[in-house]
Amino acid sequence: MSESNHNLAVQLWAVGDEVRLKILACLPFSEDCKHRNNVTEISERLGISQPTVSHHLRVLRQAGIVNRSKMCRDCFYWINQEEGEKILEELKKVITSPDSE
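In this text, residue positions in the sequence shown follow this note's numbering: the first is 189, and each later residue adds one.
The reader is advised that the hints may include incorrect statements.
[Claimed, not checked] 25 angstroms max Cα-Cα, derived BS3-like pairs, lysine-lysine:
| hint | residue 1 | residue 2 |
| --- | --- | --- |
| 1 | Lys280 | Lys210 |
| 2 | Lys210 | Lys258 |
| 3 | Lys210 | Lys274 |
Don't read these hints as lab results, they were simulated from the structure.
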């Protein structure tokens, strides 16, 4: 398996969880003061415990799908659009090209 396919597999695993998809759905697409979300806000919005939200955000960050910025005691999260577009392009290559390896 090529390195790009390995990375894609890790990223697809990261988004292949229903809770992580719910978290992604409530994140903004840029580091924006108006629409930023911290763990407490995400937890309250989704009715999920803060430790669970933190765990899922860590998985998404490690996969490069989510970015964060620390301000005082809070971390704010947003979707890494550039990485999301790369994932879509790589997945498209794999699905549409039988010899993608």
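Hint check results:
1. Straight-line distance between C-alpha atoms of Lys280 and Lys210 comes to about 23 angstroms, which keeps the hinted pair within the 25 angstroms bound.
2. Distance check on the hinted pair: Lys210 and Lys258 sit about 22 angstroms apart at the alpha-carbon level, within 25 angstroms; holds.
3. Distance restraint check for Lys210 and Lys274: the Cα-Cα separation of roughly 21 angstroms lies within the 25 angstroms cut-off, and the hinted pair is therefore satisfied.
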